[in-house]
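**Student:** The numbering used here numbers the first residue of the sequence shown as 5 and each following residue consecutively.
These are calculated hints, taken from the structure and not from any lab test.
Warning: the hint list may mix true and false statements.
[Claimed, not checked] Using 25 Å as the maximum straight-line C-alpha spacing, the simulated BS3-like pairs for lysine-lysine come out as follows: (1) Lys355 to Lys398; (2) Lys283 to Lys260; (3) Lys365 to Lys283; (4) Lys608 to Lys398; (5) Lys363 to Lys283; (6) Lys361 to Lys262; (7) Lys613 to Lys661; (8) Lys398 to Lys260; (9) Lys661 to Lys608.
Remember, it's a predicted structure, so these values are computed and weren't measured experimentally.
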Amino acid sequence: MKNIVLDKLAIFFAAFACAGFIAACGDDDSTGSSSEPVLGPDGEEVPDSILASDSLYTWYMEGRFKSSSSHGGDASSSSSGTDDPGEDEDGDLKQHLLPPAGFYSELTIPVPLPLYGGTIRCTFNGSEPTPETPEFAEPYSVLRNTPVRCAEFVGDSVARKSNHTFFINEIARMPVVAITVDSVFFWTKYSDTRDCYGQNPHDCAVDIMSDAEFPVHVEFFEKGSLSARKTWQIDAGISLMGNYSRTYAKKPVAIKMKREYEDGRLNYPLFSTRPEACKFKGFNLRNGGNRYVGDFVADPAMTSIVEGSSVDYQRSRQVLVYYNGVYMGIHDLRERLNEHFVETNYGIDSKDVDMVKHKKKEVIANGGTADSYLSMLDFVATNDFSGADNAAYKQVQTMLDVGSYADYMAAEIYLRNADWPSNNVRAWRSSGQPYKFILFDVDQGFGWDWVSEDFQMNTGTMFDWIRNDRGSGRTGPGFFAHIYIKLRENPDFCRMFANHGAVMLSTYLTYERVVAAVNKVNSEIPQEELERDLNNEDVFERRYSPYGPFPEGFDRTGEYVTSFAYGRTESTRNEYRIEFGLGDDISVTIAVNGNGSVLLDGMKLPDRKYTGTFFEGNDMLLEAIPAEGSSFAGWTDGSTENPRMVSPKDGDEFIAKFK
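Build the full structure now, drawing on both the sequences and the hints.
**Tutor:** Here it is as structure tokens:
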């Protein structure tokens with residue numbers, strides 16, 4: 005029997021592999037298989053009209069199998085009269101153990117028919133079936149949201165299995181992530197932590213700080229309860245993540261896709277801002293971090309304003325999460341920051357990527373090694389960057405993408421991130437390329453009330469904060485802040501840094517962009533779902549904390565964020581003015597005639613004809629770049645120099661001609 009089972013499974017997987025994907029969990033499909041017909045235990049196709057109408061499936065199935073399953077008949081028989089109801093004319097295995105996962109008004113699961121002459125065993129609490137699990141011998145009425153895991157055992161071997169979450173009378177107006185996991189995860193990790201809520205997570209009675217990983221089955225319903233069937237599913241691993249936010253009832257977790265669980269990759273475009281990025285090795289489900297008691301929108305909105313710039317950031321979307329059918333509310337589904345982040349967004353093989361986490365003086369590799377990053381830090385610390393045409397500054401540009409660094413710094417400075425620069429620093433590079441930094445975790449930005457006392461006492465600019473060692477040497481060699489402090493010695497760096505900052509503040513770091521970003525996040529959270537999350541006080545400590553109620557109250561609309569954004573562009577520009585001794589604001593236009601582009605201090609401009617607000621007294625290095633098949637024909641002011649250094653005045657235009 006085992007050989008027959010293995011042979012049939014080999015045919016099954018080979019058929020799907022030739023179709024371009026590998027089926028998950030025996031008779032399940034990790035991509036959701038929305039175009040595949042769903043067949044009942046008799047091998048006959050169930051009409052889509054039945055699948056989409058909740059309790060009709062129960063009626064349809066019970067009507068077909070009442071004689072064999074409800075009344076104790078021969079469970080191996082089928083109304084089709086075939087010896088092997090699980091095979092179609094081509095020999096593909098089509099029979100499913102369970103009805104389609106999804107949302108029902110009522111549901112009774114008929115007794116599944118064995119396909120290999122084995123025994124069907126099912127659990128209803130998230131645990132994996134074992135040979136000791138009771139046999140599924142009677143129809144099962146699903147009365148509440150329930151994860152059902154079934155397996156057909158031939159002896160002690162699993163011939164096939166299914167994992168489905170069934171929702172009963174559940175209305176979900178947002179995308180749903182349904183997680184099925186053994187209850188040991190809740191006993192040992194995702195546990196009651198009221199004893200240490202908001203305090204040092206290492207002091208909790210439950211060991212929530214270890215990153216122990218548990219196997220899970222994840223299902224995704226893109227249209228919430230309007231989904232006719234699951235969009236995709238995959239076996240993966242789960243572990244807690246974060247720091248203090250682990251003490252909240254709604255805990256942040258990482259979902260990790262590995263070959264030890266299944267295929268190891270999810271092929272689905274998770275984020276609308278990057279629809280072409282459709283290969284993921286995992287994602288995070290974040291609870292809001294420091295903003296947990298304050299709002300839903302700030303962190304995802306604030307990072308997303310750099311979309312379209314050179315700055316990498318952690319994309320996200322709002323979803324509802326259920327654990328073993330239990331509602332756990334709104335979460336921020338985010339990209340994971342490791343070497344696979346680069347592979348997803350740039351198409352670079354993850355094996356060719358170094359990703360580092362830099363916290364205080366500690367540098368840890370999240371992928372590849374940290375050797376080249378540490379070498380870059382050492383080079384910065386041991387070289388003199390002062391003076392024009394500096395050889396060390398030219399050399400460091402092979403290690404650090406200084407242009408992208410300037411854009412990244414502009415974003416952190418604008419957002420006034422209090423939990424930076426000694427924390428929340430990530431950088432990556434591929435072989436032979438310079439390092440780039442990633443914008444993420446800015447929940448202590450934009451005037452967040454509960455920032456550190458050190459930051460509250462910082463009444464100066466963000467540049468002052470970068471240079472503030474707080475009595476602990478956090479600006480010395482080996483610290484992230486030391487990069488800026490040393491490169492600040494170089495006049496070419498200062499010119500470039502100010503010009504890049506001017507473009508960022510004119511185009512990306514604006515009140516209008518913040519309002520649009522906040523509105524986008526709000527559009528993902530219907531009012532009914534927001535109130536449901538906030539009012540579920542049995543589960544969540546929302547609006548409360550060990551320090552008393554959040555001073556501003558819970559911000560349902562993101563008004564706190566948008567109000568801080570009003571005037572922030574101007575105040576940030578003044579911080580640049582103070583830092584670099586710059587003059588008044590001036591309007592300058594940089595444009596092209598013909599097929600080409602102009603780089604401003606190495607920066608690709610947002611438009612072919614770009615008008616931005618710059619600083620008087622800060623020169624510009626302009627370089628005309630002809631497109632393939634074109635050639636540079638000079639500037640409209642008569643200059644033929646390229647690249648060229650200019651000293652702009654208010655109203656100036658610099659237009660490159662190509663032929």
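**Student:** Against each hint, give a clear statement of whether it holds in the structure.
**Tutor:** Now for the hints, and whether the structure bears them out:
no., hint, in the structure
1, Lys355 to Lys398, "violated, 28 Å"
2, Lys283 to Lys260, "holds, 13 Å"
3, Lys365 to Lys283, "violated, 33 Å"
4, Lys608 to Lys398, "holds, 20 Å"
5, Lys363 to Lys283, "violated, 29 Å"
6, Lys361 to Lys262, "holds, 22 Å"
7, Lys613 to Lys661, "holds, 12 Å"
8, Lys398 to Lys260, "violated, 40 Å"
9, Lys661 to Lys608, "holds, 17 Å"
In the structure shown, a violation is registered for the earlier hints numbered 1, 3, 5 and 8, in ascending order.
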